[in-house]
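*Asks:* Below are the chains, spelled out letter by letter.
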Amino acid sequence: LAKTTQPISMDSYEGQEVNITCSHNNIATNDYITWYQQFPSQGPRFIIQGYKTKVKNEVASLFIPADRKSSTLSLPRVSLSDTAVYYCLVGFSMDTGRRALTFGSGTRLQVQP
Amino acid sequence: DSGVTQTPKHLITATGQRVTLRCSPRSGDLSVYWYQQSLDQGLQFLIQYYNGEERAKGNILERFSAQQFPDLHSELNLSSLELGDSALYFCASSVAPKIGTNNSPLHFGNGTRLTVT
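These protein sequences, in sequence, are chains D and Z. Note that the numbering used here numbers the first sequence so that position 58 is 58, with each residue one more than the last. The numbering used here runs 113 ahead of the 1-based position in the second sequence.
Bear in mind the hints are in silico, worked out from the structure with no lab data behind them. Mixed in with the good hints there might be a few duds.
[Claimed, not checked] Going by beta-carbon spacing under 8 angstroms, a handful of chain D positions derived as facing chain Z: (1) P44; (2) F46; (3) Q49; (4) S105.
Keep in mind that this is a model prediction, so the values were computed, not measured. Note that beta-carbon positions come from the ideal geometry of N, C-alpha and C, so glycine has one too.
So here's chain D without its partners, still in its complex pose (with noise of 0.2 angstroms):
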């Protein structure tokens, strides 16, 4: 199965920029990265998405090189409540010619005051 890496955790301060980079190389041609928080006990809540180049909304901007190979996520001036798992999640093709979504193993990003 292919698989995406991220660091396991990042600290941070308030008021920093927080870049978190997933590699993924064996993301399926026509599939999309999209990247989601989670908090302890809730399902994860969709941050941003985007297929290559950059892609920018009000919470974050995403960076896609041209191979596709990884993605940035990056979280301007971050505050004590953006403490949480951020996960990376692309498709990829089964054995059996079925294709699937797998979540990276996250990065736990703490945020300090």
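Starting from the known structure of chain D, arrange chain Z on it as the hints suggest.
*Replies:* Quick look at chain Z alone, frame taken from chain D:
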């Protein structure tokens, strides 16, 4: 509120038992996905249905099965439960007819916490 409803929120049962978890997708979403998240573990993809048909299988045990009904709600059946099956089980839905296609993010419910004693 994601619009995805999962019931029950909590479930405590004994080893060897069978339970059914229920999921109602967001209005208009045809795809339903099931994920398992054990303590301090990532999200493991179990199975996906689209409009009543199974579309993909991940790391789902043979003791587990799922189905999607004509009204698009889905049920995950877990049988011969073991202690190691204790986990959060999430359901997600999306509008996409195919997995991972353009601009169709997953919307997650808040999960069912299963405790097997």
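*Asks:* Please go over all the hints and tell whether each is borne out by the structure.
*Replies:* Now the hints, each set against the structure:
1. P44: holds, 5 angstroms
2. F46: Holds: closest Cβ of chain Z sits about 4 angstroms from F46 of chain D, inside 8 angstroms.
3. Q49: OK, holds: Q49 of chain D within 8 angstroms of chain Z, min 5 angstroms.
4. S105: holds, 5 angstroms
The structure fails none of the hints (numbered hints given earlier).
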